[in-house]
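J.: Sequence:
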Amino acid sequence: MGDPLSVRTARPGDLSRIAELEGQLFGRLGFSHSALIQLYGTSGEAWLVAEDADGVWGYSLTQRGMDDPRVGWILALGVHPERRGEHIGRALLDESIVELRSRDMYTIKLTVKPDNEPAYALYIRAGFQDTGQFKEDDIGDGEPRKILTLLLATGPPPSQPEQAADEQHKEQVPEDIAGIRLDF
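Residue numbers (our numbering): 20 to 203.
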């Protein structure tokens with residue numbers, strides 16, 4: 020095992036390394052450096068990297084859904100093969116979920132190749148549900164993908180105490196009409 024890694028928000032200077040890892044991990048299906056630059060402009064503030072003193076070893080790329088602003092997508096999550104087995108993928112996934120939730124996204128979706136059993140198992144252990152599959156022609160690259168979905172609680176975050184039920188439903192009556200009786 021290498022040095023301990025920390026997870027932080029990705030910076031523009033990380034895009035070359037992310038593109039390198041994308042190519043290594045996903046080949047022709049990985050995001051190119053130019054695609055990452057364009058995507059970073061719209062959603063990079065929520066991207067994460069895992070790094071140590073030797074550099075970036077993993078990343079997670081997320082984005083808000085186009086059809087529903089409460090839906091977040093994990094576009095890509097990868098860990099360098101030399102650092103697999105160190106729970107870096109799970110740390111990146113957990114932090115991505117926290118990041119998307121903090122941006123008021125209550126549903127998180129991702130896709131995974133059906134034969135990528137380690138990634139599929141990671142997502143299922145994290146609470147994602149298998150909610151369908153894109154066919155080979157749906158994506159455009161000739162490869163099928165499973166669609167996995169995680170539903171998050173929509174209530175207040177744990178740091179905000181919930182209002183007592185009797186306070187939530189207490190009728191607010193303006194002072195100037197208090198005591199007026201209406202007959203129907």
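Since the hints were derived computationally from the structure, they do not count as laboratory data. The model shown is predicted, which means the values in this text are computed figures rather than measured ones. From the three backbone atoms N, C-alpha and C, an ideal C-beta is built for every residue, glycine too. Treat the hints with care, as some may be off.
What follows is a set of in silico ranges between Cβ atoms, one per label pair, in the way DEER data are often shown [claimed, not checked]: (1) T173 with A72: 39 to 49 Å; (2) T61 with E39: 31 to 41 Å; (3) A172 with S35: 15 to 25 Å; (4) T173 with S51: 30 to 40 Å.
J.: Hints first: check each against the structure and report whether it holds.
T.: Results for each hint:
no.	hint	in the structure
1	T173 with A72: 39 to 49 Å	holds (40 Å)
2	T61 with E39: 31 to 41 Å	violated (22 Å)
3	A172 with S35: 15 to 25 Å	violated (37 Å)
4	T173 with S51: 30 to 40 Å	holds (36 Å)
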